[in-house]
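Starting from the given sequences, assemble the full structure and let the hints guide the process.
Numbering of the sequence shown is given in our numbering, commencing with residue 87 and proceeding in unit increments.
Among the clues, some could well be false.
[Unchecked claim] Under the rule of at most 20 Å between Cα atoms (straight-line distance), these lysine to any residue pairs were calculated in the SDA-like manner: (1) Lys165 - Ala214; (2) Lys210 - Asp227; (3) Lys165 - Thr136; (4) Lys219 - Arg188.
I should point out that these hints are in silico values taken from the structure, not numbers from a laboratory.
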Amino acid sequence: MCFWEPDSQARALRERSQRLFLWCVACLSLWCLLYVKVLGGNEAAQSRGTLAGRITRAPVSPVILPNAGYAPSPVAGVKVIVRALNEERVATADTNEDGYFRFVLTPGTYEVTLGPFGGMAFSKDVPATITIKAESEVWMDIHIDTGIR
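Structure (structure tokens):
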């Protein structure tokens, strides 16, 4: 007589697999519910605004020919610092190879500054105070004067 029945073990394994699957579905459903209800889900993402801009520098040469146009050159790797006024939140980003930066921020008032960029370079465009509104974008063109004359 055989005490091992393949059908009963297969049935027990199948029932355990089904219980595990249902437990995983329940946990995932609970997580999704918490995300939407407590954290805001899509509502939080939709209520944000954007700060974007570009950093350029000029002049790049001490010799400028008359009647020649010299476009400012983009500056890569400049640290842009955004600090929420009346709060301790700080966000930083480096400009890309074309001088662009971008932040997604909650609505509020912020101060924008730059990290050190060395030499005699300076910018009259920062520090600047900006206001972010929900679902809108603030654009900043920041010019760095290289000090070359």
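Margin query: Hint check: lysine 165 vs threonine 136, CA-CA at most 20 Å. Holds or violated?
Written below: holds (17 Å)
Next item on the list: Please work out if lysine 219 and arginine 188 have their alpha carbons no farther apart than 20 Å.
Entry: holds (15 Å)
Checklist line | Distance restraint between lysine 210 and aspartate 227, which requires alpha-carbon spacing of 20 Å or less | finding: holds (11 Å)
Next item on the list: Assess, step by step, whether the Cα of lysine 165 is no farther than 20 Å from the Cα of alanine 214, and give holds or violated.
Entry: Satisfied, since the Cα-Cα distance of roughly 15 Å is no more than 20 Å.
The structure agrees with every numbered hint stated previously.
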